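Trainee: Residue numbers (the numbering used here), protein chains in the order written: chain A, 1 to 740; chain B, 1001 to 1229; chain C, 2001 to 2084; chain D, 3001 to 3084.
These are computed hints drawn from the structure, not numbers from a lab.
Everything numeric in this text was worked out from a predicted model, so none of it was measured.
Check each hint, because a few of them may be wrong.
To be verified - Some chain D residues close to chain C (C-beta under 8 Å, calculated; not the full set):
1) 3038
2) 3041
3) 3047
All C-beta atoms, glycine included, are put in the ideal place defined by N, C-alpha and C.
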Amino acid sequence: MRESKAITPDLIASHGISSEEYARIQGILGRDPNFTELGIFSVMWSEHCSYKSSRVHLKGLPTQGPCILQGPGENAGVVDIGDGLAIVFKMESHNHPSFIEPYQGAATGVGGIIRDIFTMGARPIALLDSLRFGPLGDPKGRYVAGGVVAGIAGYGNAVGVPTVGGELFVSERYAGNPLVNVFCLGIAPKERIWLARAGGAGNPVIYVGAKTGRDGIHGATMASEAFAEGSEERRPTVQVGDPFREKLLIEACLELMAQDVLVGIQDMGAAGLTCSTCEMASRGGVGIEIDLAKVPRRETGMIPYEVMLSESQERMLLVAKRGREAEVLQIFRKWDLDAVIIGRVTEDGMMRVKEGGQVVAEIPAHPLAEDGPVYRRCMARPDYLQETERADLSCLPVPRRLGEVLIQLLGSPGIASKLPVWRQYDHMLFCNSVVEPGSDAAVLRIQGTRKGLALSADGNGRYTYLDPYEGGKLAVAEAARNVVCAGARPLAITNCLNFGSPERPEIMWQFAEAVRGMADACRAFGTPVTGGNVSFYNETLGTAIFPTPIIGMVGLLEDIRHAATQWFKAEGDVIYLFGETRDELGGSEYLKVIHGLETGRPPRLDLDRERAVQAACLAAIQAGIVRSAHDAADGGLAVALAECCVSGPEARLGAIVELRGEVRPDALLFGESASRILVSVTPADADRLEAVAATHGAPCVRLGKVGGEELILKGRGFECRLPLARLHDAWATGLSQLLE
Amino acid sequence: MRVGVLVFPGTWSHQDFAHVLGDVVRSPWGFVWHKERSVAGYDCLILPGGFAHGDYLRCGAIARFSPVMEAVVRFAKEGGPVIGSCNGFQILCEAGLLPGALLRNTCLQYRCQWVHIRTENRNTPFTRRLAPGQLLRIPISHGEGRYYAAPETLAAMRARGQIVFRYATADGRVTAEANPNGSLENIAGVSNEAGNVVGLMPHPERAAEALLGSQDGLPLFLGAIQTVR
Amino acid sequence: MLEAQIYVTLKRSVLDPQGETVKSGLASLGFTGVEDCRVGKFLVLTLGETDPERARGQVEEMCRRLLANPVIEEYRFQLREVAG
Amino acid sequence: MLEAQIYVTLKRSVLDPQGETVKSGLASLGFTGVEDCRVGKFLVLTLGETDPERARGQVEEMCRRLLANPVIEEYRFQLREVAG
Ligand SMILES: Nc1ncnc2c1ncn2[C@@H]1O[C@H](COP(=O)(O)OP(=O)(O)O)[C@@H](O)[C@H]1O
Ligand SMILES: [Mg+2]
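Just chain A, same shape as in the assembly:
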């Protein structure tokens, strides 16, 4: 079964290529493709690599800004942070592989996103993981969650990139299709950013890193298909990560990039050698010729098709300057890495693949990489919205024991402490972690400067399900708010868009609306999109996940000493709320956990109000008067207050708080109205805080005082008194009971 495999309609269909796409291939080649070429087109034109369904919508995202050095289109985005430094960051999904083999799927997801960062010349210094699992009471859910977390820990810890934050949410809607989104950030001298482009005819093309095996063949196409019964059979494609080799690659590549021997470099991620070769050629406006006989292999008998499509991990492709080959190879030898010249840059724009003397594939690189199909898929507003939007929540009974409701919410896995997860991650390496996991955003100092970075990953699939446009907006707003609570000014975002099948009009509509919402919010906050990733086909047996856009937000602190945390600091401090609580229970965690409902409209987001609240909070932090700042989101004000009391690493502090307002008590306590931040200040600074709020036009009310051994919540018709130990127990054990 060498290259001679006949190109039949069945073979074409089994590669996920439509008849129109096939005609396009014939047009580009001026002939029929052979088997190898068919494989190459199928991976490059898969949804995962070509963005064929999403591209028309992504165009609406703002990507420009004064500090943006590189927007979407390269391996990662690049943002100028002053002092001659740039940050490089991106987020990627590894959902499908993580369902098939949770540990390795998550591990290789971490490896992949790290490569995207150091490929650009930046040293990776931080990871965030955003996770969605099915219920953990279920053995399968627990197996997947445990495996994914262990895989992220196993790879991230060994490779030496700290995981400084993330998020985790649990719902039935992810039971058949977990989400594993990993964000990575690196730092580099601004003048030394490398791009993934080839250039200079005659320059050598060098393969570096692990040997090629049959792993992950058709990984990219797998990520472009929904799970059907029997997809567990696809298991031979599972890739195993080798964090040790990746660590060597990081060091060797960064060492290489400090010299003057490179032209361009790209990791081999999805679609491996195929993607890296044709993209580097296409971006550089040149051709590349490679000889597969030279590619280091782990297995015998591999045919060109397999070598080109393999997704073996921990491999890089680079173009060096002619005559400098020896220096390049020398550095890789130092690090005990395989490095082999496998080809040359050519002038003719062709991706030419040989095996020994024989040409086995010959495709114009640019059309292969850039002229893939683009679809403007049908869209339709889903029917379920009729029902959820009209749901009458006012007739729900208000629970009598509101304190017990709070305890129950604190113990629900979406809200409970994530310590059982993040203590498995090294989150302190590089001595930058000024604010460790467990607050609204991670804060890293930037060595050699006075500055800091705040990082947060956020997204709420339930909101997006109930109103995709608002869900997109809310995700950006919450991410920005988290970064602001840490004392940083939001700079830019990356994102992962996790949706069902784009071939279904309802899903496509959700997607378009969510992107539109994100775009509007990004414009309002001045945080451009520097890149991201789209993961479609997140469905099992026809049931899609909640549409889940995840935002990775980066903020800058001009002065690291202003880093703020969410927990109360001292008895007697005064508690304020920026923002207002409305009668909004739709889509809340309370509605789900207590009433078993996922319906209604998510909280409305007024972008002007959000901006005012964030500006006031940031100004107050920068004025040095804020002792703690915490955004009120999942679980509402009551949960946020409880977290302020018990989430600190040291002493727990009680509080006495009075909530006023015309809204029903459960909405007052557990509703998730947007644009709210809880802050505490010393009594002496109370007036100044009110003045700052007034200057920025942010509503600001005094709620009460820090102190005592209880959290006391009072309002019209209710009073709850909860001992700190009870709050803490519920919150601290909610997840550990499930994960161990």
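With chain A fixed as given, assemble chains B, C and D with the ligands onto it according to the hints.
Mentor: Then chains B, C and D with the ligands, alone, in the frame of chain A:
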């Protein structure tokens, strides 16, 4: 006085040690690549944390055969101060410079967290600046830090004062719940018989600046520098 | 009593980074004649069951359900009689 | 060619939490008849050496120097002929 920071393939805490040496305690330092055969010119050696050779097979098992280790053994035998933290501790045990071995944490998971350790022996170059019984608040970050030595070995170590640190509660009690990994007798750090070679699982370099929450690791650096001067 | 000795190994086609690294570790110690190295798990179970047929069935099921990960691993086992 | 199958196990006196966890995992799946479980390593080396006597000596030395740590572990191995 010049400190050599060893770098094995897969080591990752070397930059953090370099940062503390260069930017915090301002002592001359240099990296020593594992393929080198000499440590001439260094007065003190640090084996940092990480996953040398991926920690495959056993932590430190392959690294101890790196070319540089012969020079390290010679340096140690001649009484030079050597400290291994985390993976460095594991390598020193595998190399036979320290007694015992480090096994998988009893919880079978990696643990990155702040702990307290109690100073049990001030008679080493690294602990001389500490008070008797001084408590240090310091991070750990490892999956295999469960200290083990055979009962006879342990008894001899106790007798000779080779137990340098024990995990303790915030108020200094050595209890089971203060033990993050199941180490025998809560052992967090040990020395060789002569006292010039010390290994500990915690990361002193992560506790050297107030901004990061603790400076309790600093005396270990200062002690070593002072010894050599 | 019966003892089950179970060998769990990575499937041939699956990358074994640990094995590769051990192999190069051995080579740097001078054992250059090692052409391949694979690292797997070895489990020893002491069983209450005394009937070899039934024990075999149980161990088979334990391997399938828990001890080996069928996605990437294979297993094999043998039973032997041991003194209680 | 010769293949060495090497078994590395923790000494009896060393606590094996992984074995305990596997045992309780099996119990929660209903396999309550498992009285003891120990988890060790299983290495398979393919050797260039064809003389069994010399191979035995080499493997012995590999085990002593690298593959097992005598402080905590024991090893045993067997050689068998395999098709080149
Ligand atoms: N959700 C998104 N938002 C913004 N840009 C995106 C998004 N998804 C993908 N992109 C951008 O589209 C470009 C194409 O991605 P590409 O590099 O081909 O894929 P990969 O993500 O596999 O590296 C990238 O620059 C990526 O950042
Ligand atoms: Mg990429």
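Trainee: Work down the list of hints and note, for each, if the structure agrees.
Mentor: Tested hints:
Proximity of residue 3038(D) to chain C holds as hinted, the smallest CB-CB distance being about 5 Å (cut-off 8 Å). Because the smallest distance between the Cβ of residue 3041(D) and any Cβ of chain C comes to about 6 Å, under 8 Å, the interface hint for this residue holds. With a least beta-carbon distance of about 6 Å to chain C, the hint placing residue 3047(D) at the interface is held under the 8 Å criterion.
Violated hints for the displayed structure: none, as all numbered hints are satisfied.
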